[in-house]
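Enquirer: Each chain is listed here by its residues.
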Amino acid sequence: MIKFHKVTKKFGTGKTALSNVDFEIEPKEFVFIVGPSGAGKTTLLRLITKESLPTSGDIYVGKVKLNDLPYSRIHELRRDVGFIFQDFRLLVDRTAGENVGMPLEVVGEAKEKIADKVEKALKMVGLLDKQDHFPVQFSAGELQRLSLARAVIGDPSIIIADEPTGNLDPKTSWEIIDLLQKVNEKGHTVIVATHDQDVVNNLKKRVISIKKGKIVSDKREGKYIL
Amino acid sequence: MRHVKTVLNHLRRTPYQALAAVMIVSITFFVATLFLFLGVLSSSMLSYFEQQPQITVYFEDAKTQIEIESLTKELKELDSVATVKYVSKDEALKIYQEDHKEDPLLLEMVTADILPASLEIQAVNVGELESIAKLMQQETGVEEVIYHKDIVDRLVSWTRSVRALGGILLSVLIVETLLVILTIIGVRIVNKRNEISIMRLIGASRSYVQMPFVLEGAFYGFMGAFLGFITSMSLVMYQAQFFSGLLVGITTLQSNLLPGVQVWPISALFVLIIFTVAAVFGVLLGTLGSLIAVHRYLE
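The listed protein sequences derive, respectively, from chains A and B.
Everything in the first sequence is counted per the working numbering, starting at 1 for the first residue and increasing by one.
Everything in the second sequence is counted per the working numbering, starting at 1001 for the first residue and increasing by one.
Be aware that a few hints might be false.
Label pairs and their calculated CB-CB ranges [what the hints assert, rightly or not]:
1) A/Glu112 - B/Leu1258: 47 to 57 Å
2) B/Arg1193 - A/Glu24: 33 to 43 Å
3) B/Ser1234 - A/Asp132: 20 to 30 Å
4) A/Asn67 - B/Ser1197: 15 to 25 Å
5) B/Leu1258 - A/Lys65: 54 to 64 Å
6) B/Val1190 - A/Ser37: 47 to 57 Å
7) B/Ser1197 - A/Asp68: 21 to 31 Å
It should be emphasised that the hints constitute simulated quantities derived from the structure, not laboratory data.
What you are looking at is a predicted structure, and each value in this text was computed from that prediction instead of being measured.
Glycine included, C-beta positions come from ideal geometry on N, C-alpha and C.
Okay, chain A solo, but in the shape it has when bound (with noise of 0.2 Å):
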């Protein structure tokens, strides 16, 4: 369960990125957030794995308050959170499958279970093949798909992708929610931050939309309305 009370966040600057937004999430949900650039996405995305504070209000992800989480522990709290991002974050020095396995290496899992576990999302995500590969020899959408290997080899119970098919054409994008879908259904969390109506208007999920800083809508299958 992921729940925001009252939180706001405001930066340095004196911009409110955030206000007085209250919701909840609750485990093995597939939700939308949506909303014009700068409306607050993905300001809302850090706030879950903490990597933003909030500048008042109370965020939990499960039965943690992340408010009380010290700073040596967010890796606790990011090891049941899978990332997906619009750049993808891979490292360019690491082929496909060392990237995809690196979350089992810093929780310090033995090699032949990293091996295996690597192959096993490779497989899901149709690069098994390219297991060697490094990801200047990949596609966009095939970056992608290893960015989602990667979110999901560590069984986290909750999946962040923001925007992840900003930089997708329409057939690759929907190849990505399509995964993005199957994994909801093996009971993980997932919540996509988007502008891709098309997407949205289609899945018929729960669409959370944001303006300015402020939810204007929460609907269990909604609508792109802004």
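Guided by the hints, dock chain B onto chain A, whose structure is given.
Expert: Below, chain B without anything else, positioned relative to chain A:
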């Protein structure tokens, strides 16, 4: 193992930075190990001379044994005197015979009559030597007073200089080394900021992210210490004759600080101790520099 691999990657990708760091650290440890050697050597020499009968008083034949024994008693009551040993004419002859046992001609020519009786006086500390010597020179029936004043004075001054110069030089070099390691590790962290942020996002703990940088600093410290040790010990070996000359006739010198360790001629144990001290200190210095960098640039 993963961290070691990461460190090796760092070194392979920026060999000149690594070389610069190791060379700077090695200069520090060249000076450090050299001064450590000189410090132990001078301190052991000083201790050696302090433990010798520092003043020898030779008496004229007219001085009777009763008078010498009375003088011995008076000397023993002085706070500045540690021990007093009477060497009679007969004992002097035995010592002479022992020293020249391989030269029968010299042995034949000398009898107990021509050798003077003497007192070997050991002072509580070096500073008392002069006053005791003066006291003995004023005594009637004293033929000669001999003590190692020059040697001891030179050694005290030398030991002080070694400590002062070594202290100043090392302080400057340690600060310089820390700054170099801090800068090199800092640059490394800045260059890898993107990678670090990704690692943190996927759940790497702070210690996991910090470890390769700390290990890299420790590696620079160790390698620098090793190279510094090799160069300084090579110099000492190369200048062995010079050091033998400094030892003014001492054939073997034991360390006063490390019991049972032979300082000169340099023993393997002494070399091992110097290396261990340098290596431990090198690793600590490198680790400290990188920890400062990690806290400065990673937080």
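Enquirer: For every hint, state whether the structure bears it out.
Expert: Against the structure, the hints:
{"no.": "1", "hint": "A/Glu112 - B/Leu1258: 47 to 57 Å", "in the structure": "holds (49 Å)"}
{"no.": "2", "hint": "B/Arg1193 - A/Glu24: 33 to 43 Å", "in the structure": "holds (35 Å)"}
{"no.": "3", "hint": "B/Ser1234 - A/Asp132: 20 to 30 Å", "in the structure": "violated (47 Å)"}
{"no.": "4", "hint": "A/Asn67 - B/Ser1197: 15 to 25 Å", "in the structure": "holds (22 Å)"}
{"no.": "5", "hint": "B/Leu1258 - A/Lys65: 54 to 64 Å", "in the structure": "holds (58 Å)"}
{"no.": "6", "hint": "B/Val1190 - A/Ser37: 47 to 57 Å", "in the structure": "violated (29 Å)"}
{"no.": "7", "hint": "B/Ser1197 - A/Asp68: 21 to 31 Å", "in the structure": "holds (23 Å)"}
Violation of the numbered hints given earlier is confined to hints 3, 6; the remaining hints are satisfied by the structure.
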